[in-house]
Amino acid sequence: MARIVLTDVSVLINSVDLSDHVASVEIAQNFDEVETTAFGDAGRTRVAGLEDSSLTLSFHNDFASSSVDQTIAPLVGGTASFLIAPLGTAVAIGPTAPRYSGTVLVTEWSPVNGSVGELTTADVTWPVSGAIARGTA
Amino acid sequence: MWTVTSDRTPWPLGATVKGSQLRGCNIDALVAGGHLAPAPTAKRRPVEPAPVPADEPKE
Numbered sequence: 654m655a656r657i658v659l660t661d662v663s664v665l666i667n668s669v670d671l672s673d674h675v676a677s678v679e680i681a682q683n684f685d686e687v688e689t690t691a692f693g694d695a696g697r698t699r700v701a702g703l704e705d706s707s708l709t710l711s712f713h714n715d716f717a718s719s720s721v722d723q724t725i726a727p728l729v730g731g732t733a734s735f736l737i738a739p740l741g742t743a744v745a746i747g748p749t750a751p752r753y754s755g756t757v758l759v760t761e762w763s764p765v766n767g768s769v770g771e772l773t774t775a776d777v778t779w780p781v782s783g784a785i786a787r788g789t790a
Numbered sequence: 030m031w032t033v034t035s036d037r038t039p040w041p042l043g044a045t046v047k048g049s050q051l052r053g054c055n056i057d058a059l060v061a062g063g064h065l066a067p068a069p070t071a072k073r074r075p076v077e078p079a080p081v082p083a084d085e086p087k088e
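From first to last, the protein sequence lines are chains A and B.
Residue 654 is where the first sequence starts when you use the numbering used here, and the numbers rise one by one after that.
Residue 30 is where the second sequence starts when you use the numbering used here, and the numbers rise one by one after that.
Hints in this document: simulated from the structure, not taken from any laboratory.
Treat the hints loosely; a few may be bogus.
Simulated restraints, written as ranges between beta carbons of each label pair [claimed, not checked]: (1) V687/A / T32/B: 46 to 54 angstroms; (2) D57/B / L659/A: 28 to 36 angstroms; (3) A745/A / D57/B: 13 to 21 angstroms; (4) R656/A / V60/B: 25 to 33 angstroms; (5) D776/A / R73/B: 15 to 23 angstroms; (6) D705/A / R73/B: 50 to 58 angstroms; (7) D705/A / G43/B: 58 to 66 angstroms; (8) S768/A / P41/B: 34 to 42 angstroms; (9) T789/A / T70/B: 19 to 27 angstroms.
Quick caveat: nothing in here was measured; it's all calculated off a predicted structure.
The beta-carbon is built from N, C-alpha and C at its ideal position, and this holds for glycine as well.
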């Protein structure tokens, strides 16, 4: 049975491809849990409520022209579209190569983070505004 | 109309994109990030006034 080793994930923020400066990515898709238990039920029943997802990224920061900091800094405090292609955008989208997209609220940014001799990184978790779309076509 | 000024967007460097192609994008942030610049618009040459016909000499 096949396994997936992430080697070429495409990460686009506000239509800007920052994949070569991202070391990890996580889409956490969550839904509120709404209880619907009523008299006569043998156990608690529940339905999914509103989606409350988030996008977590670990950037290698870069102040170069059109790179990470110049792209993200203007977005802080506002919303930005995102596209995550786990197998890369070079692989045609399809049922076996889905892509995830949506809008995040850029609530945090760390332009400088690190100790002497270390790579400066920016680890962020941005809440998704609305729902995440899973595209397969 | 916008000119693509970086190689990190889905459009080729130097291409001209319309606002409709940027739906969902934060254009101000793309400009601030050096990815887009306003496309130069063709300047119209000012229309020169038609020459006033010279009065015909009176005989």
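Evaluation of the provided hints:
1. V687/A / T32/B: 46 to 54 angstroms: Taking Cβ atoms as reference, V687/A and T32/B lie about 49 angstroms apart, which means the hint holds.
2. D57/B / L659/A: 28 to 36 angstroms: holds, 32 angstroms
3. A745/A / D57/B: 13 to 21 angstroms: Violated, since A745/A and D57/B (Cβ atoms, about 32 angstroms apart) do not stay within the stated range.
4. R656/A / V60/B: 25 to 33 angstroms: Taking Cβ atoms as reference, R656/A and V60/B lie about 42 angstroms apart, which means the hint is violated.
5. D776/A / R73/B: 15 to 23 angstroms: violated, 52 angstroms
6. D705/A / R73/B: 50 to 58 angstroms: holds, 53 angstroms
7. D705/A / G43/B: 58 to 66 angstroms: violated, 41 angstroms
8. S768/A / P41/B: 34 to 42 angstroms: Roughly 40 angstroms apart at Cβ, these two residues keep to the hinted range, so it holds.
9. T789/A / T70/B: 19 to 27 angstroms: violated, 40 angstroms
Checked against the numbered hints above, the structure violates hints 3, 4, 5, 7 and 9; every other hint is satisfied.
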